[in-house]
Every structure is written in C-alpha cells, then in structure tokens.
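Novice: Using the hints provided, position chain G with the ligand relative to the given structure of chain W.
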Amino acid sequence: MKEHKQKMSGAEIFFECLHKEKVEYIFGYPGGSVLKLYEKLYDVDFLEHILTRHEQGATHAAEGYAKATGKVGVVLVTSGPGATNTVTGIADAYMDSIPIVVFTGQVPTRLIGNDAFQEADIMGITRPITKHNFLVRDVKELAETIRKAFFIASTGRPGPVLVDLPKDVINSMCEFEYPEKVDLRGYKPTFMGHQNQIKKAAEMLKKAKRPLLYVGGGVIMSGGTRELALLAKENNLPVTMTLQGLGAFPGTDDLSLGMLGMHGTYWANQAVNSCDLLIALGARFDDRVTGKVESFSTKSYKIHVDVDPTAIDKNVLVDLPIVGDVKHVLAELASEMDEHPDLSEWWKQIEKWKKECPFDLDPNDGMLRTQFVIEKISEKTKGHAVVVSDVGQHQMWIAQHYKFVHPRSHLTSGGLGTMGFSVPASIGAAFGVKDRPIISISGDGGFQMNIQELITAVANKLPIKFIVINNSFLGMVRQWQELFHAEKYSFTDLSKSNPDFRKVAEAFGLAAFSVEHPKEVDSVLDEAFAINDRPVFIEFKVVKEDMVFPMVPAGASIGEMMTKRLNPKTMV
Amino acid sequence: MKHTISVLVENRFGAFNRVATMFSGRGFNIHSISIGETEEPEISRMTLVTSGDDQIIEQVVKQLNRLIDTIKVIDLTGQPRIERELALITVFYQKGTRTELTNICDIFRGNIVDINNRTLTLEITGPPDKIDAVINVVSQYGIKEIARSGTVALKRGEQSKIQPIRLGRTTTKEKEKV
Ligand SMILES: Cc1ncc(C[n+]2csc(CCOP(=O)(O)OP(=O)(O)O)c2C)c(N)n1
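Quick mapping for you: the protein sequence lines, in order, are chains W and G.
Number 422 in this note's numbering belongs to position 422 of the first sequence; there are no gaps in the numbering.
Going from the second sequence to this note's numbering is simple: count from 1 and add 1000.
Quick caveat, the hints were computed from the structure, so don't treat them as lab data.
Note that the structure is a prediction, hence the values are computed from the model and not measured.
Don't take every hint at face value.
Here are the simulated lysine to aspartate or glutamate pairs, DMTMM-like style, with alpha carbons at most 25 Å apart [claimed, not checked]: (1) K181/W x D1054/G; (2) K188/W x E1100/G; (3) K1062/G x E294/W; (4) K1072/G x D313/W; (5) K140/W x E1042/G; (6) K299/W x E1039/G.
Stretch by stretch, here's where chain W covers chain G in the computed footprint (C-beta under 8 Å, at least three residues) [unchecked claim]: (7) 1010–1020; (8) 1058–1070.
A virtual CB, placed ideally from N, CA and C, is assigned to each residue, including glycine.
Chain W extracted, bound-state conformation:
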C-alpha cells in the first residue's frame, strides 16, 4: 500500500530542503515574488536569515561564507531587480569556483515571457556565468532540483548554481520527498587521478633537478593542504602560489617562494622561467600568472593536476595531464616518492634570486605606506586572521606582505576582480568563522562600492575590522595611467571628492579610527583589535602615488619584470 504523505506548500518544501542540506545561513533580501517564502521563514528556527542591504552584498556574503568554510553559501532574492543585482556576485563566484546556490523569485509561470512586473530572464542572463541553472516549473520538481543544485555547486570544480522559483510554484502544494541520491547522467566529476599518470609524475619528480610546485586555489578547495605540505617537505620542493592559492602552504615556511605572476615575487617568477619540472596543482595558467604564454616556463616539463578537464591545455599545453581531485592525487604522488631529488644547487640559485631583488624596503621617510600597514597587521595577527581584500593595489600588497599560514584565510576576488567584494564577503566570512579575526581591507574606491553593508555588520554585531587604505586615488588604475597611459590621470583622483570615511563609519555605528602617521599604527591596531563586540573601522591615510612592484606589464613575459623601487616622485 502506498504511504500517503501530507501535502506541503512549495515554501515549506523549500525550507525542508535547506534543512536537509544543513544550511545555517541564508543571505537575502525580500520582495514581491518571494513573499510566501519570507512568510514561512518567519517561523523557521533551524537556520538564520541575514538581511543584507543590497542583493550584490548578499551574493558576495555567500561567497565569503563559502570560501571561508568550504560549505555552500545560500542566497535568496526576489525576481527582476533582486535577481539582476546578484549577477556580479554570481559571475565572481563562477570565475573563482565558489560553491553558492542563488534562489531567485520569478513571476508566476503563466506570466513568464510577458514582460510582467519585475520579470527578468535571469535564466538567460546567468546561463554563461553559472555552473548550471534551473527554472522550477512544477512544485513536484522542487525538492529534487534543490538537491541537484547543492550537489552540482559543491562537487567537482565548485561553482554557482541558480534556481529560479516562479511564484505559483512556491504557492502550490505537493507531497514532500527528499531524494537520497541525485541522478544526473550528464555530470560525473572525475575523482581519482589516473594511476599510471601519477606514477609517471613521480618518476619525473625523482629525476628533476629544478622542480617547482605551482599551487592554485584548487588545492585549498579540495582540502589538500596537508598532502601538499607532506609532498613539499619530504622532497624539499619550492612552492609558489597563485593569488587564490595563498594559504595553501604557509607563507612563513622556507620552501615558500610567495606568489608568482604579474605582481609576484621576482624569485618565484625566475624559478618558473628556469625550472625543469613545473607541477601545476589546482591552478589554471591564468594570464595574470603566465604573462606572455609563448615565453612562459619554456624549459620545463609540465604536469597539470586539476579536477576540471577544461582547465587542461586551455592556455598552456602540458606534457602530463592528471584529471582528478588534487588532494587525492597529491597523496598518491607523495606516497610514490620513494627517493627524493637532490635540489641543493636549485635552492642555491633561488636564494641568489631572493637577494638580487627583494621587496621594496620602507624608505623610513616618515610617510605612511600600505606595505608597512599590511606588515603590521600580519605581525599583529601572526598570519592567523581571515583577510578579505578588495581589488586594486592594496590587494596586491596584501598578497605580497601578509604571511598567510592557514588555508581559507585569504579571500579575494581574483578571476573577476570585483571592486566592492571585500565588505560583504567579510560579513559572510564572519558568520562562518568565529574563532579567528576577520579583517576586511579595501581601497578608498572599492570601499564605496558596497559601503551600505556596514550596517549589516553593525546589525549583527560582527567583530569585523574594516580597514580602508586611503590613497585618495583609484590606485591601481592610476599606476597603469602613470606607467602606460602618458600620465593622463583621467578620473582616478578622488582626493577632492572622497567622503570623510571615519565620520561615515561612525554614522553607521562602528567604532572608527583614522591614522596618518606610521608611529600611530601599532597603538591604533591594538585599540581596534581589543574591540570585539561590534565592527571597527580604521582608515589609513597613505602615500598617494605609490606603485606596486615588482610588476610584469600585461602581455610581457614574466622574465621581464619591472622592479623599479619606490616611485621616485614620492621619495622627495
């Protein structure tokens, strides 16, 4: 006899599904087409809804939460403008492979396509920027679709999934059953790396004279940082990391060469160019890493480990591809290494490069510089904080000078380069991580792009340290204008139009500080870090026209780094 289950509304089913998926937080914003969901939400006690002040903020918050915890971030917004406001965050999550599920309200099915009030074809809009998206046309498909959405977002190479929920679907009734398994015949991520390929890789590594591990965000996503440390330490291998890979291996370790690429260290880029074996791990040979592809690491035999087959041979042709979960492949590879390469010559060379061109030293001229601020924060937190950067010069200085020691600690918009990421993403991170300091660092430009989310942090008493590096310029663009665009500082000077950030922060209800002199940095950081019952704001008024070096100009080969010291103009 068929058991008859009680019928439930789409809205009830929705929350039951989130419960089954162990969702702790939804970042969202209500509106007409999701009212039924918000009505139900009023009585839900197994998860918390966080009201952001903009749907873009909700999406970045979900990203921040996902990136800091490894769990799926969840967003709920209304149709039309609510949905379109999530687009930047979705594109960001797509580029940086962050698992989020975005639920958008939609007009009732019978009105779809009619240019109804607050209708937007969010399926069409987000098709190229989601791992997958679903329109739920019948309440009977709702539970299964949600199950699939979470599964797709979190497995293989993670990414954003959007689920469009027409109003009538949410309102209709059906029996609830949560499928135990998902059946997606077109989706089967490869997990185990090919055994023979791994054996071959080990043979190459044993013979290598100048090997280099090139580590991307995939190592962190797969949870393979311990396996990486084992492989690197047992074999004395130099490790360089991408922007997203920072934290995969401790920056304080002698084996770490820091970041490679456009603003990477001189010695990491030299090592890339001179190595005879390059092992790419969960990295994608992005153009900010390779520079001019034709002259990228031409002397090396290349091994590429990635869970996404499309990442392989996309930008750079490799000799030995291994498709599989990086953690698993790393473990296998480490266990195959029964003899270790002798790398003393190689390390001597690397040490020489390190001395040849170290990072710019502080000129000690009494002026406040970003590098100094970042180093102080790194010292103060001993590298244990979750640092959420925005986009621009400060982002690169963080990558160069903050010594990350844990995975999931460096949250930044790398692929899309989204200004306005830091403030909301740090809020998401603060919900996910409660036992370590959360530090949001933005430029004065990017800070204004999602400044409204400060109130979300205040309302939830999140002990985030919001830091603004105020150089009164859209610094990174200014740098390019100075170097490559005839010093035409077109629309990058904010010195006359920036608000008084300290006052703004105070008005939002934050404890607020502003620092102008290097001498004040320590004491203000101490004072600010002592406040842990609410968010704190610190503005650092730094030198206006500093530049990030070293730098590989776009399209140049990474052997041709500009290593000019501090901009002479600010030295006088």
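Specialist: Then chain G with the ligand, alone, in the frame of chain W:
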C-alpha cells in the same frame, strides 16, 4: 579544419541555449547547428559543425562535456560516418533554362518541389559538399533564396547506439564515490 561533433543532450528547457551560449561566450566558430529528437524522448541529438586547430577543438569537446545537460560528446571527424544536409534552393528560370535546371536536379538526385512562372525550388539532400556543388552550379541562373538545414550525422555501424539506462546507473555509482 572543420569538425562534425555529435552531442547528446537532455531534452530539457534551455539545453540547446546553453550550448549556443557557450559557443558565443568562448568565441568558438560555429558553421551549422541542428537539433532533433532521438529514439529516447528525453534525449536530443545536436550536430555541430565547428572549426579550429586541435587545441581549440579539444576545448570545444571538453567545454561541451562540462555542461551539465550534456550526456555524450562524439567528435565524428575522421571516423566512419554518415553525414547529410537538406537544402531548399529557389532559382530563377527562363524559357530555355528550365530543362537545364531539371537536368541538374536529376544529376544530383534532387527533387523539384515548387515552381511558378519565374522560379523553381530544388530540394537537395546529401553531404554538405554536395549541396555546395549544387549551389555553385545553379548560381549562374540566379538564386533567389536558400535554406539549409545544417548537417546531421551519425557514426556508421552499431557504435552509434546509445544505452541511456546503463549510462544513468554508472553515473550514480560514480557519484557515490565523490
Ligand atoms: C567593479 C569594478 N569596477 C572597476 C574596476 C577597475 N579597477 C581595478 S583596480 C581599480 C582601482 C581601485 O581603487 P581603490 O579601491 O582605491 O584601491 P587601490 O588600487 O587604490 O588600492 C579599478 C577602478 C574593477 N576592478 N571593478
């Protein structure tokens, strides 16, 4: 080099669109695209004709595979296959040229499917290069309109049979591992 790629996709809302979006978004060439039902009602077959060097074609195949609605991707290029396209070609005729056109049509085993006092319409089926040849020949008479279906193709022999039920099971098993 041109490649003919056969793609089995879920017969679902947006599946076709996803493929088209992926091609335009990644800047891949697309010469023709055709889609229709298969022996399984939930599965559609798309036949794509694209071009590019080996690295690009490898990416095309991988990116197609990466789409969640894609069940199977087969690059038919270089494999024994049957490839057909249908074209309707409307040509102007004069008194003397009508029989010439009828003869050409016969040579290519086509049909005349419409005629009025100025034009006639040829229906030609065959591999795309045959269609090109017909168009080439009749162009001297003046072509009014052409409609081409795009290529459809199948692998020769029994390999082109799909077994969706088994496929489905393997998938679930793979997933348990993940
Ligand atoms: C949404 C968005 N718009 C524009 C840009 C282009 N852009 C990249 S860096 C940058 C300047 C950022 O200035 P600021 O936030 O002050 O940081 P700084 O570079 O000074 O550290 C701009 C405008 C971007 N990355 N994102």
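Novice: For a C-alpha distance cap of 25 Å, please report whether K1062/G and E294/W respect it.
Specialist: holds (23 Å)
Novice: So if I understand the rule, the pair passes when the alpha-carbon distance is 25 Å or less; does K140/W with E1042/G pass?
Specialist: Holds, at about 18 Å.
Novice: Holds or violated: are the alpha carbons of K299/W and E1039/G at most 25 Å from each other?
Specialist: violated (52 Å)
Novice: Has the region 1010–1020 of chain G got at least three residues whose CB is nearer than 8 Å to a CB belonging to chain W?
Specialist: Our answer is that it holds, as 5 residues pass the Cβ test (under 8 Å) against chain W, meeting three.
Novice: Do the alpha carbons of K188/W and E1100/G lie within 25 Å of each other, as the hint requires?
Specialist: Violated: K188/W and E1100/G sit about 57 Å apart, past 25 Å.
Novice: Checking C-beta pairs, does the region 1058–1070 of chain G have three or more residues closer than 8 Å to chain W?
Specialist: Held - the region 1058–1070 of chain G has 10 residues with a Cβ nearer than 8 Å to chain W, which meets the minimum of three.
Novice: Take the C-alpha atoms of K1072/G and D313/W, compute the straight-line distance between them, and say whether it is at most 25 Å.
Specialist: holds (21 Å)
Novice: Is it true that the CA of K181/W sits at most 25 Å from the CA of D1054/G?
Specialist: Outside the cut-off at roughly 38 Å; violated.
Of the numbered hints stated above, those contradicted by the structure are hints 1, 2, 6, listed in ascending order.
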